[in-house]
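Order-wise, the sequence lines are chains A and B.
Note that this note's numbering has the first sequence beginning at 138, numbered continuously upward.
Note that this note's numbering has the second sequence beginning at 11, numbered continuously upward.
Since the hints were made in silico from the structure, they are not lab data.
As the structure is a computational prediction, the values presented were derived from the model and not from experiment.
Be aware that a few hints might be false.
Said to hold, decoys possible - To give an idea of the chain B side of the interface with chain A (calculated C-beta under 8 Å), a few residues:
{"#": "1", "residue": "SER64"}
{"#": "2", "residue": "PRO65"}
{"#": "3", "residue": "VAL130"}
{"#": "4", "residue": "VAL144"}
{"#": "5", "residue": "PHE171"}
{"#": "6", "residue": "VAL231"}
{"#": "7", "residue": "TRP323"}
{"#": "8", "residue": "THR325"}
Even glycine gets a Cβ: it sits at the ideal position worked out from N, Cα and C.
Below, each chain spelled out in residue letters.
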Amino acid sequence: MSPARPELPVGLSWWRRFGNAAALGASWVCAAVVIVPLALIVWHLLAKGLPEFRLSFFTNLPKPVGEPGGGMANAIVGTLILVGLGGLIAVPIGVGAGVWLAEYGRGRFAALVRYTADVLAGVPSIVVGVAAYGLVVAPMHRFSAIAGGVALAILMLPTIVRATEEVVLLVPRSYREAALALGAPRWRAIQEVVIPSASAGIVTAIVLAIARAAGETAPLLFTALNNRFWSLQLDQPMASLPAFIYDYAKAPYEDWNRQAWTAALTLLFVVTILSGILRLSLRRSQGGR
Amino acid sequence: MRKEAFGPPSVSARKARASRIPWDAAYQNLLGAFALFVFVVAALIVYECARGASPAVLAYGWRFLVSSDWDPVAEHFGALPYLFGTAMSSGLALLLAVPLGLGTAVFLAELAPKGVGKVVSFVIEALASIPSIVYGIWGFFVLAPFLRTAIEPWLGSHLGFIPLFQGFPFGIGMLDAGIVLAIMILPTIVSLTRELLLATPRSLLEASLALGSTRSEAIAVVVDAARPGILGAVILALGRALGETMAVTMVIGNTNRISLSLFAPGATMSSVIANELTEATTALHQASLIEIALVLFLVTLLVNAAGRLLVLWATGGRRDVAGAA
């Protein structure tokens, strides 16, 4: 992209020479400094999280302070359930709205929906949590997994809507024309030709949204709350990895703090694996952008 | 602007499809209902916050935003310490992240050899995908002790004549929150700015070099041309910093005092909601917290809208760049 390294003009004054070297050097230094925090975070996660990182930690339930061998099986399952619930709500709505925007989205209402999706993407997650608290927790009079799922769904929605619209718009016009020419009505052309051709991109968007939601903590604080026991009931408080980390990191017990590190390492693994899938499927669908 | 996906059907085609048109309409309406739902969700968030906040709004009016008296026991609520904390921590984060982010973006867009550029891009992507709570636990257990034992005493003894660097080194506090936030918003600044620099016409760089500029002077011309968009990117990063919750809650110390010192603990709008909403016993306490959420929502809405408009305008309407934040 950039032109070959240009020769410095001849007869350059020393301060322009110096200024050039200093500015380019500063840019290199910035790039080097940016690497430091990631390296430190990963290093500390591994150093403090790995000692407890053994099978029993993933299969046991939390134990009282001082009792060895506590785990976070309920938090892992809880995170999966909460994210699954969120996806169950957000995927059909998000994909439907995205397809609508791409295929029928003209006029003022479509512009409004597009703008709303952008706004939703910027809403702080804590505000979403407050809204879900008012919408679900207050009427039900208790914290519940459902409320957590609703909060996560709201956070997933804008990502799915916007990405779906983009990939559906990328489907060539000739596909639609061919389907129509074969006598398919418009809805079948969309449902059976356009959406399947865009499916790789849509799946990518869904995975991205789920990976982000899996790491969200703030909206769960006052919706799903947390739970120290095994619970699969959707109308009861439910444990999740982020809430587990938060509670255990704040606690004044060293044992719990260590477990918080291990949980953080696990969470990062989950998110990294998800985004790894994402990157692979991106490469396959777009030839690596 | 937007391409018509389908042309108008010919007369014979319209006749052939006449019997199936109800299905088409039903399908279109179903998808339209999903789209409407997106709008309804946003409206519900606004409605819920406004409804929940109304008791506090009625009780305090504008005083809520300028009073620094937050006392749940005596039922006095004023949000100023939290507004201040949010402004100060976000401002500090921008101060740290903007120069670093711009330097990195210039590096990625103009200087980086291919392999090195790939590594740095990967690091930026990885930083963006780390969950907020992981930043929090790192800032709490690693960065805070380091600041307390090494950085803050040094700053205090050498720059202690400035109010910013006075007071007891707690470790946990504004400085910790500012640094963690700066790391968290770096990816937004870097990736947007890089896209903006790459979207600037190459002829600017070439013309500048042809006129005898050094490489850095030519790059300065490119950066100058991308300035409005870069401002937008910085504003979008600010929007992210303002609403960030978990990492900040863990490292800021959560006291509702206003202190000019970077070493002192404080609280932000999001951290006070996270800490107190489930424990609020009185209706007024809860309403006050929800009013803070409402204010936070409105502020981020304005900030994000401004940032997105600037980036959209600078890229000639490329939603993919503006949406990347």
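Status of each hint after checking the structure:
1. SER64: violated (12 Å)
2. PRO65: At about 13 Å, which exceeds the 8 Å cut-off, the nearest Cβ of chain A leaves the hint on PRO65/B violated.
3. VAL130: Given a least distance of 5 Å, the restraint on VAL130/B holds.
4. VAL144: holds (5 Å)
5. PHE171: violated (28 Å)
6. VAL231: Hint on VAL231/B: violated, closest Cβ of chain A at ~13 Å, above 8 Å.
7. TRP323: At about 15 Å, which exceeds the 8 Å cut-off, the nearest Cβ of chain A leaves the hint on TRP323/B violated.
8. THR325: Hint on THR325/B: violated, closest Cβ of chain A at ~15 Å, above 8 Å.
Hint compliance for this structure: hints 1, 2, 5, 6, 7, 8 are broken, all remaining hints hold.
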